[in-house]
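Required output: the full structure, derived from the provided sequences and hints.
Number of protein chains: 2
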Amino acid sequence: MINIAVLGYGTIGSGVVEVLKTNSDSITKRAGDSIEVKYVLDLREFPEDPIMDKIVHDINIILDDPEVLIVCEHMGGVEPAYTFVKSALLKGKSVVTSNKELVAKHGAELLDLAKEKGLNFLFEASVGGGIPIIRPLNQSLTADEIMEITGILNGTTNYILSKMSEEGVDFDTALSEAQRLGYAERNPAADVEGHDACRKIAILSSLAFGMQVDFEDIYTEGITKVSDVDIRYAKALNARIKLFASSIREGEQVYAMVAPVMIRANHPLYSVNNVFNGIFVKGNVIGDVMFYGSGAGKLPTASAVVADVVDAAKHLEKNIWTIWSSKKLELTNVNHIQHRFFIRVKDDAKIKEQVANLFGSVEEVKVDGITGEYAFLTSDITEQDLNENKKKLSDVLSVIRVRF
Amino acid sequence: MINIAVLGYGTIGSGVVEVLKTNSDSITKRAGDSIEVKYVLDLREFPEDPIMDKIVHDINIILDDPEVLIVCEHMGGVEPAYTFVKSALLKGKSVVTSNKELVAKHGAELLDLAKEKGLNFLFEASVGGGIPIIRPLNQSLTADEIMEITGILNGTTNYILSKMSEEGVDFDTALSEAQRLGYAERNPAADVEGHDACRKIAILSSLAFGMQVDFEDIYTEGITKVSDVDIRYAKALNARIKLFASSIREGEQVYAMVAPVMIRANHPLYSVNNVFNGIFVKGNVIGDVMFYGSGAGKLPTASAVVADVVDAAKHLEKNIWTIWSSKKLELTNVNHIQHRFFIRVKDDAKIKEQVANLFGSVEEVKVDGITGEYAFLTSDITEQDLNENKKKLSDVLSVIRVRF
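Residue numbers (this note's numbering), protein chains in the order written: chain A, 1 to 404; chain B, 1 to 404.
Everything labelled a hint here was simulated from the structure, so no lab data went into it.
Mixed in with the good hints, there may be bad ones.
One copy or two, either will do: identical chains are not told apart, so a pair holds if it fits within one copy or between any two.
[What the hints assert, rightly or not] Using 20 Å as the maximum straight-line C-alpha spacing, the simulated EDC-like pairs for lysine to aspartate or glutamate come out as follows: (1) K350 - E388; (2) K318 - D33; (3) K328 - D214; (4) K298 - E145; (5) K115 - E317; (6) K29 - E145.
Structure below.
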């Protein structure tokens, strides 16, 4: 029997307890031993819950119990999660976490500490919910140099954009519906401003390139400026707008960005709709691969946590090697990146002439029933040129990056 | 330095040598040591090739060299691959293979032998080319009971069906084009009759359910009977025809089947076109996940082989646990499975009445310009009922299973 402790009995923590119970037989078989939840740390009491007797309020009960071999952290946020996780490792316990803020901020350090102690620090559930992506990056794509990772990593924003596209509603209506269904928080900023996707692509980029990618360095733009009118133009272009979190290597340079992007059906992530996540990886020998599944939700995320627990149980005294150096990877300034852009400006007598002067030859986009504006696709230009040109245009209505 | 030997210097074997050279630095970093090809076994000589000095024709040179720690087998077919691989394990060498015939036939036994010897027998490249699927099944989906695995596992047939769908050409024309491009063999039977997909789903099913699924037990139907007329009907139904290799669990029963199936855009495998492969997995807690990528090809397949070599190098004296018992899993007779079916019959005065008598209420399907036949979709019926009803109909033109 292997005793574990669960920190935080919210959605994911309770999911972990549920999955361990539901699939107890097959998990025991795969882990080589039964997994038993000995403690659940939470500030609250759960008097009606089967785990009520396991609830503790003091982390030291867990840290000081040598029978606890694995700690699962699902409290979210950097503190006190960081202090608790670090203490657990120092006390000789392996740690599994679903906490993307913690991993993005302290992943390299906690991996080092785990390695030093002959333990494991595993975090499959921190990116892409149930989708296996951390382990494939660490263990399956080891023959490749990773050239690109692009993910739809946030289910809330993908749901909102899908809803806007399918039903023609505006951003606020789609957001309200997402909140009503429990897909979006009351305060949706972390999702809709792109911060959640930013932390996740920081984690994936660090693993792909083996060095520390600081999430604060990643250019991040959310979806709050995407309007229902933009979506109508996207449809006219046979395109969809998705919130992409990307990390792309060109020679020795790596740039990373979170931003809405227009894509067409030939992109592998085009069919990733609603709350689903998809992660596209390009390797220099494997070519294109894509992983798809539920990017959030109680049970899918708990499935990833429990798979990590099984792995930790199978490697109680052996560190599973992960290459993520604390040495910082300096990202290329996004100003140098080239894209095509979709741009809408207010129409006036001289607009076409002005656009042609600034952008050269562009492709006009028209949608029946939309008047008073001029919309076009540029050729490949740098972010810097875009920004300079934008300043010279009066009344820019929207700018969206284009990948076709 | 870790010395390896490559058995078979064809497409994949030479790809392995190339990938090891191309990504030498990052592979060394990830394996923890450099990987050196000491021998290449082939019947031929390669006088112009950089590996010419490493060519040997006698397996015993490799088996008897204690410096060779890992053997990569890419000869294909059951013999002599089986004898060579078994001998290598007995001599204390880990084995990596891309050989689906070998793995489908002797996987359980070779895994047992590797475990007994504290070695590894790894075969990521035997299914889905470069797509990571074996390792995710073994190590990432360990918290789940697998309820379904459905794959588009054969790139040749997927290319042919995509071509027929995109260009309206018939089977023979699409096959010729596939042969011209090197996607299909001169003798295409193993692909177009479904045998290749059958072996691959046998391997995935054995891993998913932890017991031996014999490929000979899997109902297998190829794509040779799929006509351009069927494809026109599929289009009228907003559907595509794909060769599905499926293994589905219902309670304690598992059935497996390889057959062409009509699917619509809401199926995760709908967008898997041309030579790409996709593998859809449903778990009881993770829900739906999907893996997508190049299912064949020199470098993608070699990428999977080399990732296994890296894993073997990291676990030189520790067996990576894989649950695949040699105990046979008795598959449910496909007669009991229910599907909807798409059926075309020659039209005659009484056909609608006869169909209604046999199948009850059906959904007629019409395509402009196709006359002299009557096409319809049944409701859910068993394979057995389908077969019995089919005998009573004269002039059945085609029958295709439907998943919508």
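If any of the earlier hints don't hold here, list their numbers in rising order. Violated hints: none at all, because every hint is consistent with the structure.
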